[in-house]
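Going from the sequence shown to our numbering is simple: count from 1 and add 134.
Among the clues, some could well be false.
Unchecked claim - Dumping the calculated DSS-like pairs for lysine-lysine here, alpha-carbon to alpha-carbon at most 27 Å:
1. Lys288 <-> Lys169
2. Lys263 <-> Lys337
3. Lys337 <-> Lys169
4. Lys386 <-> Lys312
5. Lys169 <-> Lys293
6. Lys263 <-> Lys169
The hints are simulated quantities; they were obtained by calculation from the structure and are not laboratory data.
This structure is a prediction, so every number in the text was calculated from the model and none was measured.
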Amino acid sequence: MEGKEQDVSLGANKFPERQPIGTAAQSQDDGKDYKEPPPALLFEPSELTSWSFYRAGIAEFVATFLFLYITILTVMGVNRSSSKCATVGIQGIAWSFGGMIFALVYCTAGISGGHINPAVTFGLFLARKLSLTRAVFYMVMQCLGAICGAGVVKGFEGKTFYGSHNGGANFVAPGYTKGDGLGAEIVGTFILVYTVFSATDAKRNARDSHVPLLAPLPIGFAVFLVHLATIPITGTGINPARSLGAAIIFNKDLGWNDHWIFWMGPFIGAALAALYHQVVIRAMPFKSS
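Let the sequences and hints guide you as you build the complete structure.
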């Protein structure tokens, strides 16, 4: 028995727990059980010679293409029905957007970071999570993917039906002002980008390591909730690529009159979320009180 106890003692000393988990992670005095990546350079010319850079852009293109394909097709399906009770309705549209973001972020997070939205890319760029080179490339690929996705939907639905049912384009609904629409886009995008920062924060993941967090889930859920709230106001943009793709393929005045709102609102909301995260959340001490 003595020999066995000695072996157990030696084994415990030889293989100590390398990283504390759960509440132990909160009581670290040095707060060094997480690693924050260094700020990205503004320009990184070397990225242009890297295959991973172009692979990430392709992933953003494909993800945004699939996002527009499923979501705009869902919108058109609701519009096609003579009775809202016979379709998935507004709740189904919201689930379509939120569910696709959940699935696509999960699929592409390890390749490109799973942005699928120029506003998200802009917010992460402001927080120096990626270079200007990569940010611009992502935005271009996202917009191209959105245009192609909406174009395929128009091909399925037919030019006449697609045009007569607004083509899934974003615009400020009757009864609301442009200020209402802009405010809805700012707040909605703030919620989304704030959720992105919180779900992917290294400090948060270390502090709450006893609570497993699948980052795409809260991000997709945030998109779902924002759509429930603002579909009646603007159709919910919170994604300039989504709004641009639908507007180009729809290509009527209704889709262009308020289009500036769907760029200015998301970019302001993303900037506010980046500022709030950097100044308030990142400034908080790692050790819990």
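Tested hints:
no. : hint              : verdict
1   : Lys288 <-> Lys169 : violated (46 Å)
2   : Lys263 <-> Lys337 : holds (15 Å)
3   : Lys337 <-> Lys169 : holds (8 Å)
4   : Lys386 <-> Lys312 : holds (18 Å)
5   : Lys169 <-> Lys293 : violated (52 Å)
6   : Lys263 <-> Lys169 : holds (14 Å)
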